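**Q** With the hints as a guide, bring both chains together as one complex.
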Amino acid sequence: MKVLKDRTALWSFVGLLLAFAATSFYAPSASAHGEKSQAAFMRMRTIHWFDLHWSKEKVAVNENVEISGKFHVFEGWPESVREPNVAFLNIGIPGPVFIRKESYIGGQLVPRSVRLEIGKTYEFRVVLKARRPGDWHVHTMMNVEGGGPIIGPGKWITIEGGHFADFKNPVTSLTGQTFDLETYQESNIAFWHVFWAVFGVAWILYWVRRPVFLPRYLLAEAGRADELVSATDRKVGIAFAAGTILIVVLSMGAANSKYPITIPLQAGTMRGMVPIEEKKSTVAVKVEDATYRVPGRAMRMKLTITNNGTSAVRLGEFYTASVRFLDSSVFKDTTGYPEDLLAEDGLTLSDNSPLAPGETRTVEVTASDAAWEVYRLSDIIYDPDSRFAGLLFFFDANGNRIISQVDAPLIPSFI
Amino acid sequence: MSALQSAASSRAEAIQVSRIVDYLGLFILFMVLTGSYHIHAMLTMGDWDFWVDWKDRRLWVTVVPIVLITFPAAVQVLLWERLRLPWGATVCVLGLLFGEWINRYFNFWGWTYFPITLCFPSQIVPGAILLDVVLLLSGSYLLTAIVGGMAWGLIFYPGNWPVIAPYHVPVEYNGTLMSVADILGYNYVRTGTPEYIRMVEKGTLRTFGKDVAPVSAFFSAFMSILIYFLWHFVGRWFSTVRFLKAT
Ligand SMILES: [Cu+2]
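Sequence lines, in order, name chains A and B. Throughout the first sequence, residue numbering follows our numbering, covering 474 to 888 in sequence. Throughout the second sequence, residue numbering follows our numbering, covering 13 to 259 in sequence.
In short, the hints are calculated from the structure, not lab data. All figures in this text were calculated on a predicted structure; none of them were measured in a lab. Any given hint might turn out to be false.
Coverage of chain A stretches by chain B, computed from C-beta distances (three or more under 8 Å per stretch; other residues unrestricted) [to be verified]:
id	stretch
1	518–525
2	562–572
3	642–653
4	701–711
Which chain B residues face chain A? A few, computed with CB under 7 Å, are given here [unchecked claim]:
id	residue
5	Q28
6	S30
7	I32
8	I40
9	P178
10	H180
11	P182
12	V212
13	E213
All residues carry an ideal CB built from backbone N, CA and C; glycine is no exception.
Bound-form chain B, shown alone (with noise of 0.2 Å):
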């Protein structure tokens, strides 16, 4: 503290020195995030999101949203704590969508000619605004973990249906029925993926029929909640001061 302060010496200057501090906070918090959430997205759920024809009604609808509820519950923790800010979620998800962003962008699509068609993200910024606004108005981290993580389980199926339902129009393709989405991925090789690879439509859920993708968003919604619990304890582990003290 006293190091802070000692480095200004007026009122005026101070105001400076304390704004350039946060533009320069903010870089680097949105760029370490970037980089570490993308990594941790791209080992864990992976072909899930990289794929439009992997967004199934099961797998992917659970996958994601337990995955990606990790750093922002760790980062909310951060920011909450310590400097009262309820954004913590969101600077997560948009780092990680710009991240994505540049990912497929450049990598799928200006090096292997994959059209952004079959490789776009999925969106996940509806979800995060809840659990930022549940953290600010409850002030609560149980709450966050039990009503925001389950808005956000919930809400990622219908926040990504206005882009993927074009994808489930059906098509009679040289006898065979299949999505477009199907079609995607059958149409554009991916010689190191085979088809058996691909992991949709998997599962024990058969006897809701039709229903599924509800039943699928409230499992994920339920396992959001767990998983809050143990990032958050990430989160407070990270967020020490004890360095900035010493400082």
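Pulled out of the complex, with its shape left as it was, chain A reads as follows (with noise of 0.2 Å):
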């Protein structure tokens, strides 16, 4: 009995850790705030996210914010990243505070992956429905395939007004009913699940009303097994199977004459997105060299700058990896970019003096920043490509921008 008891202790325990184990086991994940341990040189080398627009930065549940902006397909993509042939465009979001109600690319609602061309800058746009009140990191995002997620910057938008349960998501079928996605079907899941959890639980019961264990066990060792099943119980059998084809049959009839129209679910990646026209760039820029000094978390790069447009240009800004480094006093943002990636007064110039349409001139350009800790981009020098790469902003006068690009080696240096 002893035996016995310890025995039923100890697979009770495991019985219940088991259960435990495997409901806890899997919950969707719900952070998204991986920016900062991405190595730099995926941040550096693959989409630029740019000319980024919040249309809002507090909500009340079922508003909408929209979030718009550019992406460009860096041409110096890494190598060892599978390039964008499926790719998705996402939202990093800690679960879903928000609805993604809509996407687009280049005007094209985007709810599958598509394919992308290195090189090409698009339009995206992404409307997202407030759905939990609280404060929520929202980070533009590109899954590729292959590739992992590539993370834009993150910005922090507030739900606050109205409540989790009155938020609805209404939609409108081709056959003419209009339903709340939030709880869709509810009861008809519930009515199933339970229909058939009382079946099965009436099948059991139908057996361990009468001993279950020791006596049956007893019986079939002793090589009388045949006597515990009757005529009866094998009856009851034929009727609980009839019974479940039975329901099938009838209750797929139901649902067929209920829901004649159905299609498949969509899927397959999309093609053909359409890029930004982009004129090529007058402004050309060679890098001579580029050192990190790790003390001083600024980097320094010497660049021969030409001019081959119209009109007199100074460098604004240098954006890689989704950090801004301005020059204040060529360019102010004005869009609330997020403060911890935005070094208004992080870029200076040898000589920032207008460049004049035909000139060349070589210039040293500092972009300087805690970000370069913060956001580990500094950790460049310990990839094994270690390249950086980002975006030059230059304007003219009249404040017309010309984008250049810089993809160089980078040569640390520790005093």
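**A** Take a look at the structure:
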């Protein structure tokens, strides 16, 4: 008896542990804050998000907030990341605190994965509808098959006012019904799951009303197992099986007549995303050398800039991995760009006087800010392919913008 | 055997002890099955069962019955061989559904706030009842594998259709044709699960056109038969009574 008790206790414990482990084993990941842990070269040399605009910083439940802007698929796409032939415009949020109502690339709704072309710039727009009150860090995000998530800048958006319970997500079908997706079919799901659970339990109960383990085991061991199943048992079995088939056939027929028009799930990569027509950059930039000074958290690069355009230009911004280094005497941000990613005076040039058309000049450019460390961009010196990359934004006196790219090796300096 | 008998001094007491052992045994069996079968299910069918926009006519129909016939096949051996009880498959799937509902309700909905309408589990009780009844009536594992396994695979899709059908209603969504299930998957952002991971409506069954679900179901049924055999032997190995006899 003692042995039996111990065993029972042991196995009860094992069972509970297993059940607990299994039910808590998988919870869909709710966090999106992998932005800093991602390899720096991934963030610098894949997708460049710019001209971002957030329609609101505070919304009430059921209200929309829109994130729009452009992304450039970088020419120097790293070899170790698969090309964006299958990519999905995602949004980085901690679980469905917003729902993604719409998302567009080049004006085309993109509920599925798309093919992007390296070297092209696309316009995008994501419409989110507020669902759960709280402060949420919202990132633009591009998932690339074989490359993982490429995370854009994260901005805090507050959902305040209204209640989660009041969230509605109405949709109208082609057959003319309007329904709320938030609670769609809940009672039907509950009905069928309870129904079949009761049906299954009834089947087991029929058998366990009688002694279950010890007497049956002893009889079976004694070679008299056949006495354990009676003719009535068989009839009940037939009834359960027939009932099962009948219920499935009838309920399937009922579902078919209630929903006569159904379509399969829609899948497959979408092609033909339309990029922005870009004119060729009129400012040519050559990187002579570049170093990252570890103690000063500053990157210094020597650039030879040639202005092939028709108006004089000045360098206003250096952008890399969502971090923006500005020269505030040339250009100021007015979009409410996330502060931790914006160095308003982080860019200094040895000579930033207007560069006349046709003129070539070699300058020292320094981009310094704590963001190098905070966003672990300085880790690039530990990457297997220690290159940096980014965009340079030049402006003429009328505010016209010319974009050039840089992509060059980076040498660390430790003193 | 002697240990079991000598534990009780009178017949009435013996019956009482036997009944207590029954209740404890059933509880333990249910919990152990819930835990282990659920882990097995999550590791094998995973997303196909988690999300309604993965429940398609090809892969879901094929994958779920094949990977789920495993535990029922094994537990049927134990319960039928040792105790002549024909509810091995049913107790497995009830345990699995119990575990799944706890997970979906508390983790998916309670913790992460995915609506239940997006992440309810598949229905598998009808197939389990048929599997158990075939074993009861035939008393043969071979017939259970062939007839029961076939029934298990074939009844899966129709058994789920009353719940799934409304998710296949077409919607014109901002100029794109989508099913309700597609929209649910699109609306409720799964940051860690980009759309291209979704394995639905892929495969080489294009030539069957509209009638792809029955073809997938038949394929699944044939595979279920094979897997049943395989796991039958796993069950045989597990249901040895060597340890019980030793005590
Ligand atoms: Cu974040």
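**Q** Please go over all the hints and tell whether each is borne out by the structure.
**A** So, going through the hints one by one against the coordinates:
no., hint, result
1, 518–525, "violated (count 0)"
2, 562–572, "holds (count 10)"
3, 642–653, "holds (count 7)"
4, 701–711, "holds (count 6)"
5, Q28, "11 Å, violated"
6, S30, "5 Å, holds"
7, I32, "9 Å, violated"
8, I40, "5 Å, holds"
9, P178, "5 Å, holds"
10, H180, "4 Å, holds"
11, P182, "4 Å, holds"
12, V212, "5 Å, holds"
13, E213, "5 Å, holds"
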